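J.: Residue strings, one per chain:
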Amino acid sequence: MSTSSTVHSTSRNFKNNARDQLANEDLQAALNKARGHFVDGRTTARDNLPEFDALRGQARDIKDHTLEHLDFYLEAYEEKVRESGGHVHWARTAADAQRIVLDICRSVGAKQVNKGKSMIGEEIEINKALEADGIRPIETDLGEYIIQLRGELPSHIIAPAVHLTKAQVETSFRENHTELDPDRVLEEPISLLDEARTILRKKYFEAEVGITGANLLIAETGSSIIVTNEGNGDLSQLIPKVHIVLASLEKIVPTLEDAATILRVLARSATGQEFSSYTTLSTGPKRAEDPDGPEQYHVVLLDNGRTDMIGTEFEEMLRCIRCGACMNHCPVYQSVGGHAYGWVYPGPMGSVLSPGLIGVDEAGHLPNASTFCGRCEEVCPMHIPLPKMMRHWREREFESHLSPGSARVGLGVWAFFARRPRLYQLATGLQMRMLARMGRKRGRLSSLPLAGGWTKYRELPAPQGRTFQSRWRSGERVR
Amino acid sequence: MSAKNNSGKDQILSSLRRSRGREGPVDDATAATLRARIAGHKRNIVPARTDIDHAGLVDLFENMAQKVFATTARVSDMADVPDAIADYLRGANLPSKVVMAPDTDLDAAPWAENALLEIRRGVPDEPDQVSITSAPSAVAETGTLAMYSGPAHPSTLNFIPETHVVVLPASRVVKSYEDVFDAVRELAADPDSGRGGLPPRTVNFITGPSRSGDIEQTLLLGAHGPRRLHIVIVEDGAGDD
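So the sequence lines, in the order shown, correspond to chains A and B.
Take 399 as the starting number for the first sequence in my numbering and just add one per residue.
Take 1025 as the starting number for the second sequence in my numbering and just add one per residue.
One chain only, chain B, in its complex shape (with noise of 0.2 Å):
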């Protein structure tokens, strides 16, 4: 197979370099620039709209994620969290037999005190309705929550369950997907993150829940992914200047 593939490889190279006026790769100077195009990786236009103040940019994501049909809930401190999500369930008229992340970031919430919620750590299976994350990034510009595969958060717990609580921290609301790239070039270069130089194997821009419109361009909410998102904001205050 290796000696079929090089072949296309030589192929479509050979084919491309010959419609450049070329015989083999870009010069030594060209693929100098090159590199330091792609390691510069340089911002292109970011909308102005998220030039605000911290405090502004939270209410932006609020806002945007519910322009899109995300619920959200605002609360003073984790230990707020259980309540407010096992009211949220109640409300909808939901199990609260619940799949959570394994995520140390929200062993900070008082779980045990909410004999309401039946917690289960881990990945999810098919019959499994509600589950609950917390969200490392969360983008103001369109309302869009950014999620990192890893030990601490399966990427099925994104889309397998019908409902899908997210807890959000307001300190990690930045203003555009580029704030979220470098967040993830750090994690991967962080010795400690374990990662290897690498970054996650999956990132997930989420921007409300599943939807369909492929009948008959009727907007359906909860085609194959949840059909509720609930964000929970944590008015952590570490973020606002």
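Bound-form chain A, shown alone (with noise of 0.2 Å):
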């Protein structure tokens, strides 16, 4: 058995990640390019589409309702697959899905499987599994495709080779295109485009599966919808004799109309398109007349936690639909790129759900990478409250003794003296005397015991002497 069920994360390490990511010039000059990029992109979207907002809470109000009743609405989804002749494998773990997805391919003796984008097939490290039983997957996204050259994890959920520059992915075409004339013209995007269009192109015809994601499934017909811009995961899914769908069981909405809903506000959200260019719902397998199309179709809906968030104070977080508004308005995520984070969903959304699926004791560092601005709760179009989400998981850190000691015992000090106002008050007076003391001569303080990480990269404006308490009992306020 090749399937494995060890998580591949180094979210622990997030601190060490950032420090060199921070200072990986490739990442910066990569991450400048792209700033500014999707966020006028969503502005553009918004202001151009009066009923946005209006969308945003029917989304959510959908989203709530399903998971309300997720297992009906499983139970009758499954049942249309069937009626179209299709197949719901359930996967209690990523194992399940990973054994689940070789038993499909080795009963059509597959050596080529070719993917669609996927962050579930990430999630579950499918590709592993493949290479493992020596069956060939192929990424056919083009971000994929060029992160699956360099071996690396995609570092945005929608943009996995965001972290590179046009000079990076060169470079990986020339080390591992080498029947191709080494001295050809590669150092402009199309060109490089044009280089993995054919390379691919003979690739489509060769695979026996073709696996996708899938961004709704539709309890109505047992549709599976896939949002893309390239075509690349239509012609994964149309050409080989075996489709299968990788879902996770959230992606569920009642009807076509409850879809209809969440794609207005989805690529408007991810890349400021009004509608990506191909939203594609598939039913089942080819019917007995069409002329092309797969032969099989296969669901395997994936748990892998899922299932404890519900209930609990986490469940919002299941009403994502990965478009990456989050991460692309996220101070921290855009300063220290998706790798950071340490496994497979980066960004905010990424800090909420990692803890739930691989633990808190593996990613509860992550809630901590966020300067609670806010932005990501306000840019979000399904309503996900991620901020105070982030706080729980915080809270969850500390109380299984995760969070390091020295911010142990920093809080059991300030929680010490704040149950106590008088001691409070007599310590924070001393110390706004001291510190106005230190810094008599400058009016700012450069460097302070306790706060060198902060006073590194910024000066502190001294204390006038007196505390916010004490001035105000002694009447300086204005009504």
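None of these hints come from the bench; they were simulated from the model.
In this text, all values refer to a predicted model and were calculated from it rather than measured experimentally.
Positions of the beta carbon are idealized from the N, C-alpha and C atoms, including for glycine.
Keep in mind that the hints are not guaranteed to be accurate.
Pairs of lysine-lysine, DSS-like flavour, derived with a Cα cap of 27 Å [to be verified]:
| hint | chain 1 | residue 1 | chain 2 | residue 2 |
| --- | --- | --- | --- | --- |
| 1 | A | 431 | A | 564 |
| 2 | A | 600 | B | 1121 |
| 3 | A | 639 | A | 601 |
| 4 | A | 601 | A | 564 |
| 5 | A | 601 | B | 1121 |
| 6 | A | 600 | A | 564 |
| 7 | B | 1199 | B | 1091 |
| 8 | A | 509 | A | 601 |
| 9 | B | 1091 | A | 431 |
| 10 | A | 509 | A | 564 |
| 11 | B | 1091 | A | 526 |
| 12 | A | 601 | A | 526 |
Some chain A residues well away from chain B (every beta-carbon gap over 12 Å; in silico) [to be verified]:
| hint | residue |
| --- | --- |
| 13 | 414 |
| 14 | 421 |
| 15 | 507 |
| 16 | 535 |
| 17 | 549 |
| 18 | 579 |
| 19 | 606 |
| 20 | 781 |
| 21 | 790 |
| 22 | 804 |
| 23 | 856 |
Put the complex together from the two separate chains, hints included.
T.: So this is what it looks like as structure tokens:
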């Protein structure tokens, strides 16, 4: 058995990862190029649709309703898939999902599997499992293709290669496409795209199995929906004789109309497009009289920790439609990039989802990677209260004694004083006077005991000598 | 495999039910309400930009499609379609050898009268450079074509050739995706459609040509699907109101 259930994450090392990424010149150059692109796109798309905010409210309500009755809708969906000639496979864990996919691939003697972009594929590490079984997985999304060549994880949920410069892509292509003329011109993005297009084109016709993800599953019809721009997902699922859909179970909505509402906010929030180039509904295998399309249609419904989030303070995270708006607007993500987060899902949505899926001991650091500026919640098309949930994870991290000793001691000292108001005022008053004296000369402090990290990059204005509370008491207030 | 599958299903369903404080499925009354919600498939908010007359919808469709880099042409009759397509191909320096959907809708045009076009009907192969299909529906809201798979329309025609030419009678322009869904439901239920109650295997909503922004967020057309999407709108007048 080649399936593995070990999670390969470096989330525990977030601090060190972040430091390395801040010093990574290529990454910083790539992030600089991308910065603003998504933000401006989303703003324009929102401004062009007066109903945008009302649609967000409806989209949230649709998901809340569906999650409330998830068991009903999943069974209704399965029945419809079966009626249309497809198969639903329920996978409790990543290892179960790997095993199901491998069984299907073996049953048709697959040598090559073509893949559309799928975050669930990343989550269950399906490429590793396929390779270990002697099956060649080919990523066909341009960004995924690039990072597959480089042996990297995606650094963004919709722009997997956003961390790379075109020069890095060129280097990877020259290293891997050795059958091509080494003197060819390959500097501009269009020549890189053309080369990838030519190479992948042949591969579309070689695979026995095509794997895609799903943006939505429809209970009414048993359909799956993919939303893409390149058309690679469609070529991956139309040409091979078997189509496998990897989907987590919260992707379901009751009706096509419900899907339409979510689709209207998805592309706008993600890339700023009104609608992506290709939105494709697939229902079952090809019909008897169809001239093309797959002969088999399988859906792997993945749980992998999600049902355990239902009914908890993290349930609202399951509304997420994976648009990436939270990371596009996050000052932390925009500084350190996606790889620093150490697992499949980066940015604010990853900081909330990852501890739920791989455990708070593995990913409990991530919710600290936030300035709590609130931009993520503000732009989330599904109104997910990301900062609130990050705070819940911090509480869990503290309760499980996973936060660092210095932070725990500091919090303990603060709590001791905070519970004793007179002592607290005495201590803070003393502290203010001390700081005021220390900064008397310059009016600023450029170093502080225990706060060296803070003063390393900026100066602290010295206090005026009295605390807020004492000034309040002496009547210094403006009504 | 099925025994293992069932246990996965049982575990998932019972975990979901436990978190809702239930032992088993939802009660009968709730199930009936949820089934009615599905069967009713009520529309949510549909943007008001399409609350205009049909001629306005055709204009909106064309405008939105152009914004996402599709090109368009208008002709007044199916009889003009072959020449319009031949002109487009010549103007863009593209081959006149095309693969065309075996779609009876397209038979109304006098293809044989245009000596330039070399037409094969059927499924595209890798070397095919240009495809011609019709579109059963088009959504004005975002300039989106809707394509249904079936004997008359192999879905690969929408993706394999580098240039996709679409013949769209103006009467088929509708307001919203929801209008397309209603049409798909009607088609599935129609006993003459031969679809046995099922929707088409694949419904493709297509909004402009293939594109990618994966290299330094530079917008590039023609990533894996067509580099060019050309829409010939036939002003058949049938949908005017």
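J.: If a hint holds in the structure, say so; if it doesn't, say that too.
T.: Results for each hint:
1. A:431 <-> A:564: 11 Å, holds
2. A:600 <-> B:1121: 21 Å, holds
3. A:639 <-> A:601: 14 Å, holds
4. A:601 <-> A:564: Measuring from Cα to Cα gives roughly 24 Å; hence the hint holds.
5. A:601 <-> B:1121: 24 Å, holds
6. A:600 <-> A:564: 24 Å, holds
7. B:1199 <-> B:1091: 17 Å, holds
8. A:509 <-> A:601: With Cα atoms ~12 Å apart, residue 509 of chain A and residue 601 of chain A stay inside 27 Å; holds.
9. B:1091 <-> A:431: Holds. Residue 1091 of chain B to residue 431 of chain A sits at ~24 Å (cutoff 27 Å).
10. A:509 <-> A:564: 32 Å, violated
11. B:1091 <-> A:526: 41 Å, violated
12. A:601 <-> A:526: Answer holds: residue 601 of chain A to residue 526 of chain A is near 19 Å, not above 27 Å.
13. 414: 27 Å, holds
14. 421: 21 Å, holds
15. 507: 17 Å, holds
16. 535: 17 Å, holds
17. 549: Since the minimum Cβ distance to chain B is about 17 Å, residue 549 of chain A lies beyond 12 Å and the statement holds.
18. 579: Non-interface label on residue 579 of chain A holds, nearest chain B Cβ at 20 Å vs cutoff 12 Å.
19. 606: 17 Å, holds
20. 781: Answer for residue 781 of chain A: holds, closest chain B Cβ roughly 15 Å.
21. 790: 17 Å, holds
22. 804: 37 Å, holds
23. 856: 31 Å, holds
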